[in-house]
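Going down the list, the sequences are from chains A and B.
Its first residue numbered 2, the first sequence is counted upward by one per residue in the working numbering.
Its first residue numbered 2, the second sequence is counted upward by one per residue in the working numbering.
Please note that the accuracy of each hint is not assured.
Unchecked claim - Each pair of labels, with its calculated beta carbon distance range:
id, chain 1, residue 1, chain 2, residue 2, range
1, B, Ala332, A, Asn65, 18 to 28 angstroms
2, B, Asp104, A, His193, 54 to 64 angstroms
3, A, Gln76, B, Glu312, 46 to 56 angstroms
4, B, Asp104, A, Ala199, 49 to 59 angstroms
5, A, Leu181, B, Gly442, 17 to 27 angstroms
6, B, Arg18, A, Asn65, 27 to 37 angstroms
7, A, Ala207, B, Ala332, 52 to 62 angstroms
8, B, Lys74, A, Gln192, 23 to 33 angstroms
No lab work stands behind these hints, which were simulated from the structure alone.
Because the structure is a prediction, the values reported are computed rather than measured.
Yeah, the Cβ is synthetic: ideal placement off N, Cα and C, and Gly gets one too.
Here is what each chain is made of, one letter per residue.
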Amino acid sequence: MEKFTVHTGKVIPLDRANVDTDAIIPKQYLKSILRTGFGPNLFDDWRYLDAGEPGMDHSKRRINPDFVLNFPQYQGGSVLIARENFGCGSSREHAVWALDDYGIRVVIAPSFADIFFNNSFKSGLLPIVLPTEVVDQLFKETAAQNGYPLAIDLAAQTVSTPSGRAFSFEVDEFRKYCLLNGLDDIGLTLQHANDIKAYEAKRRLAAPWLFN
Amino acid sequence: MAGKTLYDKVFDAHVVRREADGTCLLYIDRHLVHEVTSPQAFEGLKIAQRQPWRTSSMLAVPDHNIPTKDLDKGITDPVSRLQVETLDKNCRDFGVTEFNLGDPRQGIVHVMGPEQGATLPGMTVVCGDSHTSTHGAFGALAHGIGTSEVEHVMATQCLIQKKMKNMRVNVAGKVGKGVTAKDIVLAIIGKIGTAGGTGYAIEFAGEAIRDLSMEGRMTVCNMAIEGGARAGMIAVDDTTIAYVKGRPYAPKGEDWDKAVTAWQDLHSDADAVFDLEITLDAASIQPQVTWGTSPEMVVAVSGMTPDPEQESDSTKANSIRAALKYMGLAANQPINTIAVDKVFIGSCTNSRIEDLRAAAAVAKGRKVASNIKLAMVVPGSGLVKAQAEREGLDKIFREAGFEWREPGCSMCLAMNADRLEPGERCASTSNRNFEGRQGQGGRTHLVSPEMAAAAAVTGHFVDVRTL
Chain A
2 MEKFTVHTGK VIPLDRANVD TDAIIPKQYL KSILRTGFGP NLFDDWRYLD
52 AGEPGMDHSK RRINPDFVLN FPQYQGGSVL IARENFGCGS SREHAVWALD
102 DYGIRVVIAP SFADIFFNNS FKSGLLPIVL PTEVVDQLFK ETAAQNGYPL
152 AIDLAAQTVS TPSGRAFSFE VDEFRKYCLL NGLDDIGLTL QHANDIKAYE
202 AKRRLAAPWL FN
Chain B
2 MAGKTLYDKV FDAHVVRREA DGTCLLYIDR HLVHEVTSPQ AFEGLKIAQR
52 QPWRTSSMLA VPDHNIPTKD LDKGITDPVS RLQVETLDKN CRDFGVTEFN
102 LGDPRQGIVH VMGPEQGATL PGMTVVCGDS HTSTHGAFGA LAHGIGTSEV
152 EHVMATQCLI QKKMKNMRVN VAGKVGKGVT AKDIVLAIIG KIGTAGGTGY
202 AIEFAGEAIR DLSMEGRMTV CNMAIEGGAR AGMIAVDDTT IAYVKGRPYA
252 PKGEDWDKAV TAWQDLHSDA DAVFDLEITL DAASIQPQVT WGTSPEMVVA
302 VSGMTPDPEQ ESDSTKANSI RAALKYMGLA ANQPINTIAV DKVFIGSCTN
352 SRIEDLRAAA AVAKGRKVAS NIKLAMVVPG SGLVKAQAER EGLDKIFREA
402 GFEWREPGCS MCLAMNADRL EPGERCASTS NRNFEGRQGQ GGRTHLVSPE
452 MAAAAAVTGH FVDVRTL
C-alpha cells in the first residue's frame, strides 16, 4: 500500500449528502478482475451524458458540463469534500479504487458510511471527518477562491487552509500507523499466527460444529 | 456490572487478541465468497504466495453476473463470463467449495448460506457484500467487508476490528394483516435515517420481530445496512433452531445437542445496556413504498411525496428536490397515483420461498396490467426455485403474466442483462433505490413482495390490503 504522510492538493467540492458507492462506481465496472483502471469511470452516471459500458473509449464519450468533476477549475484536484454519509451502500472497495485511480488522496465529509470508511484505509485513501460547520466553511472558501488548496498532515492530524487556519481531526492509532508506513496489515496480523492457532484449538474443542 | 448484549456476547467470544486501544483481532467462522469482490483478493494471495488459513470456512457461489434466462447458452457477456470463470478457477486452485452455475444449490450468496446451514447461530460471518447483515437473523455477527478484508480473512481467518456501539430497535406489539417484514424494516429506516445506524450493530427485538419467520427476519437484517448499520442481529429462539435443524452444514447427533445448548445464551441479558434504543409501534406500520433515491425516502402507500418547500434544512431540501427530479415525481403526489413500468420480485432481501408464496397469493387468478412492460420473478436459489415449482407457484405466476426466471441477483443491481431503461419505473422487492442502481436512469421504488405483485396486477402502487 502507498504511504500517506502529508498531502497538499486542490479541492473538488461535491455538494451532495449520502453519496453512495453505486454513484461512485456503477455496477457494470465491477466486472473487472483488476484493482486498477477505475478512474475514468469514477461517478460515471453523473460525469457523462451517455451510458457507459466497460471497454468504451472514454475520450469519445459525451461529458456532462454541469457536473463538478468536469469544471475546468477543478481539474487536477485531489481533495474531495462532500456532505454527510459519504460512501453509503455497497461494500465494493472498487469505490475507493476508483477515487484513488482518479487521483483523489483525501475525502473530507461530516460523516462516512462504516464500510467505505474502513475500506479507504486499506488502499491509502484518507477519509477525514470534520464538523458540519467546518465542512460548510470549506465549501464556501472553495467557491470563493480559484484553485483553493488544502494541506493535510496525517502525523499532526491537521487540515490547513491557505489562510493558515488548521482544523484537527481524529484518526484511529492503528490505522494511522499503517497508513503512515504504507504497511500491509496481513503481514502484521500473521505476526500473531500463534495466537490465532491457540484460539482456534480452544474453539474447536468447545464448538466443533463451527469447523465442519 | 451490566449484562451483555447479544452483539457483545458474539463479539467477545471471537476475540483472538485485544490491543490497548481496543483494536481486536476477531476470528471469523464463516467466509462466504462471490465472483465480484473476490478476484483481486485471490490474486493478492497468489502474489504474496499465501494460502488460505482455513478453506473449510469458505463457501463460494457466483450470483451477481448470472443470467436469469437461456442458461443453456451460458454467460454471453464475455466480461461477466471471465469474472465467473475466474471464481471457478480460484476455487479449484485453492480447494474452496463452490456451487457452480448449474448446481441446484447455486443462488444468491445470502440465500444459499442459511439454506445450507452454513450460517449458524453465534457465528461470525463475513462476505465481500454489504448485505451480509442478512445472516444476523440467526444470532450471528455478520457484516460486509471490502476486498482487502476479504484477502485478510482468507489469509489470517481474522478481521482487525474495533467494537461497534449497541443499538436496539424494538418493534412493539403486532403488525396488522398484510404488513410484512419488508414494511417493518422500511419503516425503521424511515425513522432512523440511512445513516442512523452508522457505528452501531443493531439488534431487532420486540413482539413483531419475534413473530417473524426466519425468512422475515432475514429480510429485516438484510436491510440493516440501508439504515447505516453494518450488522443487524436477532436473538435465537425456537424459530431459529427449527430452521437450522437438518440442513447440510448444520451440526448432527451429539454436536447438535451441544450446539442447541450453547445457542440458548444467544440473546441480550435482561440488564444489558444499549447506547441507543428506538421503539416503533408495530400496529401503526402500513405497507411502505420508497419515493426517492435513498431507502430513508419512504412513506406509507396511503401517503404522498414530500414537499421540499416545507423542509427547513437546506441540505435536506436539496436532496428532496434532486430525488423528486430524478424520480420524475412532483411534490405532494399521492403514492397510489404512481404508475409503474416494470416489476421485480427477487434479490437477497425478498427471494425466499415465503416471499414467493406471498407474491403468488396476490397474483393468483389475476393478470399483469397492460401498462406493465415486464414483471419478473427471480427465485433466490435453485433450491427455492425447485420448492416453488413443487408448490405450483411458477404456474400461478406464469398464468398471471409474470416471467419465471433462474436464480441470481438479477435486477437488484443489474450486473446481468436484467435492467431498467432510462426513465423506466420499477416496483422492486430489492434493497436499494439509488440513482442508476437498476440501470442508468432507472427509477426504483422499494416494496414488499405482496406490494410488488399488487402493483403488477393493477399497474400502479396500491395498498395490497384493499385488493
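Outcome of the hint check:
Taking 18 to 28 angstroms as the suggested C-beta distance range, the pair Ala332 (chain B) and Asn65 (chain A) conforms, at roughly 25 angstroms. For the hinted restraint 54 to 64 angstroms between Asp104 (chain B) and His193 (chain A), the CB-CB distance of approximately 37 angstroms leaves it violated. Between Gln76 (chain A) and Glu312 (chain B) the Cβ separation comes to about 34 angstroms, which falls outside the hinted range of 46 to 56 angstroms. The supplied range of 49 to 59 angstroms is broken by Asp104 (chain B) and Ala199 (chain A), whose beta-carbon atoms lie about 37 angstroms from each other.
For the pair Leu181 (chain A) and Gly442 (chain B), the beta carbons lie near 43 angstroms from each other, so the given range of 17 to 27 angstroms is not met. For Arg18 (chain B) paired with Asn65 (chain A), a C-beta distance near 49 angstroms fails the hint of 27 to 37 angstroms. The given range of 52 to 62 angstroms is respected by Ala207 (chain A) and Ala332 (chain B), whose C-beta atoms sit roughly 58 angstroms from each other. Remark: the range hint 23 to 33 angstroms for Lys74 (chain B) to Gln192 (chain A) is contradicted by a beta-carbon distance near 50 angstroms.
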